[in-house]
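Peer 1: What follows is the residue order along each chain.
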Amino acid sequence: MTYQHISFELKNDYIWIGLGLNEKKSMTTLTRESLDELSKIMAEVTEIDKKKGAKGLFFFSHKPGVFLAGMDISVINDLKNEADALRNLEVAHKLFNSVEDLKMPTASLVNGICLGGGLELSLCCKKIFVSDNPKTALALPEVMLGVLPGFGGTYRLPKKVGLPPALDMILTGKQIKGKNAFKMNLADAILPAERMLELAPQYLNKAKKKKSLKEELEKAAMENFLTRKIIFQKAREQVMKNTKGFYPAPLKILEVLEKGANKNRSDYLAMEAQAFAELSQSIQSKNLQHIFFLTDNSKKLENKDQLPSIHRGAVIGAGVMGGGIAWLFAQNNQAPLMKDITPAALELGLKQASANFAGALKKRKMTEDEFNRKMRSIEPTLTLEGMKSADLVIEAVVENMELKKKVFAELEQYVKPDCLLTSNTSSLSVEEMSKALKNPGRFAGLHFFNPVNKMPLVEIITHEKADPKTIQTLVKWVLDVKKTPIIVKDGPGFLVNRILAPYLNEAAFLLEEGVSVEALDEAALNFGMPMGPCRLMDEIGLDVCVKVGKIMQEGLGQRAIPSSLSTKLYDAKLLGKKNSKGFYLYDEKGKSTGKNPEISKIITSKRKHMDEMTIQMRLFLPMVNEAAYILSDKICDKAATVDVGMIYGTGFPPFKGGLLKWADQEGLESIVERLNNFAKEINQDRYQVSPFLSLMVSDKRKFYDL
Amino acid sequence: MKPVYLVDGKRTPSVKAGADLKEIAAPYLGHYLVRHLLDKHGLPSDQIDEVIVGNTGTPAKYPNVGRVIALEAGLDKKTSGYSVHRNCASGMEALSQAYDKIGSGRAHLVFAGGVENMTQMPLMFNKQMTEFFMEMMKAKTTAQKLKIVSSFRPNFLAPVIAIEQGLTDPFCGRNMGQTAETLARELNISRREQDEFANRSHHLAAAATKEGKFREEILPITAGHKLDKMIADDIGFRDNSTVEGLGKLKPYFEKETGTVTVGNACPITDGGSMWLLASEEAVKKYNLDPVAKLVDYHFHGLEPERMGLGPVLAIQGLLQRTGMTLDQIDLFEINEAFAAQVLGCLKVMKDKNLSSKWGINETMGDIPLEKLNVNGGGIALGHPVGSTGSRLVVTLAHELKRRKKKYGLASLCIGGGQGGAVLIENLKL
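First to last, the protein sequences are chains X and A.
Per the working numbering: the first sequence ends with 706, consecutive numbering throughout.
Per the working numbering: the second sequence ends with 1135, consecutive numbering throughout.
Treat the hints as calculated values from the structure; they're not laboratory data.
These figures come from a predicted structure and were not determined experimentally.
Worth double-checking, as some hints may not be accurate.
Label pairs and their in silico Cβ distance ranges [claimed, not checked]:
1. X:Asn450 to A:Met842: 53 to 63 Å
2. A:Met843 to X:Leu301: 27 to 37 Å
3. X:Glu368 to A:Met842: 27 to 37 Å
So the derived list for chain A, only partly shown, Cβ under 8 Å to chain X, looks like this [stated by the list, open to error]:
4. Tyr734
5. Tyr738
6. Arg741
7. His742
8. Lys746
9. Asp752
10. Glu778
11. Gly780
12. Gly811
13. Pro926
14. Thr928
15. Lys932
16. Asp934
17. Met936
18. Ala938
19. Val989
Taking lysine to any residue and the SDA-like style, the derived pairs with C-alpha atoms no more than 20 Å apart in a straight line are [said to hold, decoys possible]:
20. X:Lys362 to A:Glu729
21. A:Lys935 to X:Arg373
22. A:Lys784 to X:His311
23. X:Lys174 to X:Arg373
24. A:Lys746 to X:Asp418
25. A:Lys932 to X:Ala345
Each residue gets a CB set at the ideal place from its N, CA and C atoms; glycine is no exception.
All chains, please: the whole structure from these sequences, using the hints.
Peer 2: Here it is, written out as structure tokens:
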């Protein structure tokens, strides 16, 4: 019998099952059809096994670089309810058990990516061999989608590698490279990628490497009831610290593993399936799946291969952002030129880049030699002479329109004709800037967030005369350097800062009304934000807040009228982290050392208690309102773009699915009602409902229906 | 031979050993110069025919520095690269090979220069210790091992200092400093004369630095443990040097009666230099604007114990090859390995009797000090051995351009008993 997705062959007494046959997508995943085929194959295999008709069985992949990337997410997404999930899991368990129950020796030959269901299938084999291909990596990433490994991963992984490493993998979803998989006994051998299939039969019956005394003792200790209890307790504390309890999946995983200790296979798997079914229907998991698709879509780019690649980068201005951008180029082997006007200024950029590499060096993710090479690939220069080598120049000088225009006019005389020119401006008009150029078609805004090495989002800002190919090439580059792009139109604050502005502004008004710094930050944290608005203002710098506030008011009018508080702080020289005092105090390393008592002298209004829910609504509803303006102004094309921007640009809580997903779930009608109340009670201008939002409510539409 | 163009040349700051460049491995004293020149002249990275780099220390990690520099600079992997060693003239040897390759039409674009990190020249285990290790490895039984361990003596740990060995001539057994002492004695060059010459070097270098003359030839280098510092100027020369101060130093090589001190000899230094050379065809194709033409070169041997006079023979040979006379040359760079040795060269060149000792049957003439090492020399700027040969040409070409003079000659003495010289013609008149 022949199959569409999986090859099946009995050759020289061995059974070979090849995954990823005829696969056109970049990753092979398990689909309903391929699971169905595998079931049929396994039925044949079981018959052969009964007759002792083969010496062994191997799973391998036809697709280079991918063994099996787990279950197709859309299958999980399509599960209608818990019962539906359970039905599907039962079929899969039967299949996976049939692999595990084979009498003949079995091995999974992992050459490339092996995720989720791919690893769970491998765990059903008696042995796992990994290739020495650098792409080979194994992981159970289900937790990232708010679920748990549902095909017996939580049952079989601890048996293979021991409890603590299994917990680490299942709770974090992290990828284990081939070499480390062998070290931690997840893999039984490392084989050369090119000769894997040829060598596999020789290794199939090799005795397992003997455990050292230390490993034996560790194993004995792990099986001890008391040790297990301590391990789970520690893991639970860690999970609570990392997730603040916003995510149910990790806690559920701990529960399943702990309760399953003495259960037999079928009981355990039934429990695992039940947990999976529950989680798969939780709102958090739905939202995380939603984000998975959003992110996946933002990575799609048509005709990618026909667009030019960036080989050499350049950055003008070696400040914190310039140095960060130089780091990004260097990290991605695009040996950048870094230009500034004095050696001292260049040193600042080098410091920033070096600091960004320091973490990787310390964690040994990078050798001293690699550090040397990458750091030295940054070419500091005081002139524009070398710019003709650059394929992409990113300008990051101070935010001054005249200066930037001068830089671009000069730059244009040095670069080659097809070099892309971009500005990392966060607040100036890209449209206006483009006028400095003879060829504005190759120009666009390219807005990075600080710190460049940590923030995944890049806003690509278009303008009237921008060549679509320029924008597409920038999208490709942003993806190549492993960042997430969104395309937005020119306008005050572009997308992220424009939506963030009312949030920070409302925070300042709330402070003036007498709400405490702690109550405010606490409310935002409890909503799921990575940091509160006061701490965020300290990070951004109050000087920048004042500047951006003015720009917003100029561009957006009365609804963006800034609170006077940021100006008061600025006048009192409380600039935030950059001069070690803002709402909080900081030591010389930038670590927060507590509240700044000076704040109480500046905010003199009477302390007012406000319930957390009200604070949250006052912070987040104006953001939704502004997002509606952004959509009606056509700054971006759809709600998904807003959500990608807010999640990757501000850390908006992923389990809420993004700002507008959250708004849809809250209900637009109730949001408008609450905004109207605030408009009446607090301020007419700031809470004026956007006409677009009103229209959506009257049309009974949601953001994601647009 | 077809014409050979010196398109552009740059150097690192020269920094005394153990200071700011100490952590920079040899390849990184050159790769950034190559990349800068490539970027500046807008050349495609896959169009370079050869990278030739002079280096004497040959770091164990980088046996072929030239190839490493080609790769680290981002040149296409097909670019061939190699390293050359002609002791103190290695950088000049690199230029001469580029000259031959381009002149004969085999190559069109070549990077040639030199790099040396003298700080990183190693300390090695001595012979006894090496044998001790070997015996230990061979030993199988505990008794054998114990026997070998008991043979250990503390003096096994006395290191062999690579740099000290390298500066001692293996043929005549004399240290370079001792060869300078020989010249001082035989040619009657006093301690005072040497110190005055050394003092001149420091002040000229200090003045040139102060006027910013070196800004054009030095490309600032990324340095420091975290690679977040930029070094833009030479470090080592003394602007407060005096003849009296230099006079107080003890002779280093002949402690009692000698005249050569660390003050009138070149210091141990880290540095690199690099030239982009091109054929006429390449100049036209890439619209290059060369600064000078490499007219010719010459190397010549003599007795190792008088290696300091190498420039006399090299210059004489070069003038003969080119049919020119000493007075036609507008500017000279003669490496100051030792003041005694440079002064010795000048003395021999203008004295027929002395010249004849080395088979030169004419008076070559006088090199006036106004034309010699006008921005200081090795005594002030140091002598990173592998680099100096091309560094001299970098400095020479920049000064010729500034003065709008036509011919410049760079020469140096070479440990082991040789001299090297190149003649360049300034195209920026």
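Peer 1: Next step is simple, just say for each hint if it's right about the structure.
Peer 2: Going down the list of hints, with the structure as the test:
no.	hint	in the structure
1	X:Asn450 to A:Met842: 53 to 63 Å	holds (57 Å)
2	A:Met843 to X:Leu301: 27 to 37 Å	violated (58 Å)
3	X:Glu368 to A:Met842: 27 to 37 Å	holds (30 Å)
4	Tyr734	holds (6 Å)
5	Tyr738	holds (7 Å)
6	Arg741	holds (6 Å)
7	His742	holds (6 Å)
8	Lys746	holds (5 Å)
9	Asp752	violated (11 Å)
10	Glu778	holds (7 Å)
11	Gly780	holds (6 Å)
12	Gly811	violated (28 Å)
13	Pro926	holds (6 Å)
14	Thr928	holds (6 Å)
15	Lys932	holds (5 Å)
16	Asp934	holds (4 Å)
17	Met936	holds (5 Å)
18	Ala938	holds (5 Å)
19	Val989	violated (17 Å)
20	X:Lys362 to A:Glu729	holds (19 Å)
21	A:Lys935 to X:Arg373	holds (16 Å)
22	A:Lys784 to X:His311	holds (17 Å)
23	X:Lys174 to X:Arg373	violated (28 Å)
24	A:Lys746 to X:Asp418	holds (17 Å)
25	A:Lys932 to X:Ala345	holds (16 Å)
Of the numbered hints given earlier, the model fails hints 2, 9, 12, 19 and 23; all others are met.
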